[in-house]
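Asks: Quick mapping for you: the protein sequence lines, in order, are chains A and B.
Going by this note's numbering, 145 is the number at position 145 of the first sequence; the sequence numbering is gapless.
Just add 1000 to wherever you are in the second sequence, counting from 1, and you've got this note's numbering.
Hints are not guaranteed to be accurate.
To be verified - Just a few of them, taken from the derived set where beta-carbon distance is under 10 Å, the chain B residues facing chain A:
hint : residue
1    : 1030
2    : 1033
3    : 1176
4    : 1333
5    : 1334
6    : 1336
Source of the hints: derived by calculation from the structure; they are not laboratory data.
Ideal placement from N, C-alpha and C gives every residue a C-beta, glycine not left out.
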Amino acid sequence: MLEGMVELPVRFRIQLAILALSMVVFCCAPSAKSQGNYEIQVYGADTLAPKSIMVELHSNYTVVGQREMIDGVYPTNHQQHETLEITQGINDWSEVGFYVFTSLQDGHGWQWVGDHIRPRVRVPDSWHWPVGVSLSTEIGYQRTEYSSDTWTWEIRPIVDKAVGRWYFAVNPALERTLHGPGVADGVGFAPAAKVGYDFTRAISGGLEYYANYGRITSISDLHDQQQQVFLVTDLNVSPKWEINIGVGIGATAATDHWIVKGILGRHFSWGKQSAVE
Amino acid sequence: MELGSYATASAVLSLRAQELAAPEYRIEIAPYTVELTPKHSVRTVAYNGQVPGPLLRFEEGRPVTIEVVNQSTNAEVVHWHGLFLPSDVDGAMEEGTPMIPPGGKARYTFTPRPAGFRWYHTHTTAGDDLKKGQYGGQHGFLLIKPKQDPARYDQEVFLALHDWDGQMMGSSDGSMSPSYRFSTINGRVLGFGEQMRVKQGQRVLLHILNASATEVHWLALAGHQFHIVALDGNPVPSPRNVAMLRLAPAERVCAVVQMDNPGVWILGEVRKHIHAAGMGMVVEYADHGGLPVWEQPQSLMWDYAQFAAADSAPAATSHAIEIPLVFESKFSGHGAPDRWMINGKSFPNTETGMLKAGERYRLLFKNKSRDDHPVHLHRHSFELRSLPGKPDLRGVMKDVVLVEADTEITVEFTANNAGATLFHCHQQDHMDNGFMMLFRYA
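Produce the entire structure from the sequences given, and follow the hints as far as they go.
Replies: Right, dumping it as structure tokens:
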């Protein structure tokens, strides 16, 4: 009983070490491009509780985007991306997420785009860190019609902190391509950040920032970088529901100029849920 | 209050006490390391270098003097919880009891009453420091010997529940609340504390105190039942056997356990995560060994009403002046604890209730918040008069009652102890965030 409680950080440290080692290997390897606007979300550090699952639908519509087909990749303009994300809590400090990416577009219909898997671990509460910290890694495939890089890998440190009505999160993610023309590009730096403010217990608003600076060893010119800012609101209507709505503007030529996004999530629990659990 | 004021007030209190009596008890408030397990310790502040503090046994009606020396780095005050005392020695700065400055001392002289199981603890603000105030180790048992014991017993055992090493975490109500790493009985984690040794056929009287700063606790003793004889130290009209106890912060339960099931058992928290955090104690019968046995209850059961007078029919309705008290929270952000309000205002801006000596008052608690609140009235006892779905109760006298979220409870008390009287939620984070008000006598 008590032994289990004490062992938990040790197991976590081992996983953290494996992930850190992966990160070193990853940083030494060639690189990649961004993965498209299928899941537009700044991650918080918390993980899902064990014996529970979160089902989320990410709906993103590119109002103004790339109008030309480039290297066999469909243009993003007026693409509707529907992404199903299913996250399973493993224990008090880890979870695994699974994604199904799809796209709807005139002339192409509703197409399956690809799948990703995303394990994540976090610093346990018992460590009493002043900020929330977790580490996510994501690997997956997408079809060449939607991304010239078909296999990609991302590692995403996550740090967040709530102070009174303010909420801050940063995700300095690193990306690389495992298969595709981006393999030779080196490690890409794709940070994201969020600042939120609680107007009420149920309604929060804020800004989300997404970027891709290109190769970490050779930052791209601003013209070629992806730079997006979203005005968002989070509706905390119930612990069972997650609602995030936003409108984003892309500030560079390499970024889709207008995107509307929405996330609708539902939390489910199973197993014995008596009051003594 | 500035340091100079502390010192002056302390000296006045000290002088007054010296005129009355030399101290019979001495309590030293000082930093202390409590060893929860051989591998886990918590640096805290305690009374006389022990957690819980020393057991104080007083005789009802016989004046006592207690010298308190403050060797800690913070101004302190000791509250004598559940006693009918004058405001200047009750132990709450808000009522007018002087604080004891660091390095200072004070003498509390009073006549202990009423008889029963009481306790003493610090009554300071902790704020964001989850090692100060009631989060720490400043609590101890106080027993005022009754003229007649509420129960016959062969052995008396005192147990204090506490939670340690807390941090503020986001909670389901959307604000920050303390969460703890360790939970203990008498300052030790299950398996590392002293065993309760009993003999077959004994009647063991348990005096159980929830000294947690914020947490409600549920207790069961595997293989046994509790015969409840007193709540908050006051004998109940209808003693009953129950399978488990619920104690909100600051509540006490006196229960007799008939030791008629030989073996080695666990007395522990019913909820699994608190049990796993260490709240438990081994109960071992003489001449029995082996691994202690825990029988996990599958539900939580507690009802104050079962201990009320059997003839709780509406008796001659006493005239009582009604005072509605509405509890609400004010959201301060997901990264902060809520502010708490009584009738729309937070302390020190809460209304002052005016009392007339000898009058009977009916407090109508309306909890419109998402949290439960163990509310405490200083210097008086109140009678539970109604609970949700139970409109006519009599005879259960308490000084703390848990008002669950979105419920209403009615209590009555007689204004029979003139002086400033504090009323507050006993959750440290709630009282620190405005959940207090004063009553004064006209």
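Asks: Hint numbers the structure violates, sorted upward?
Replies: Violated hints (numbers, rising): 1, 2; every other hint is consistent with the structure.
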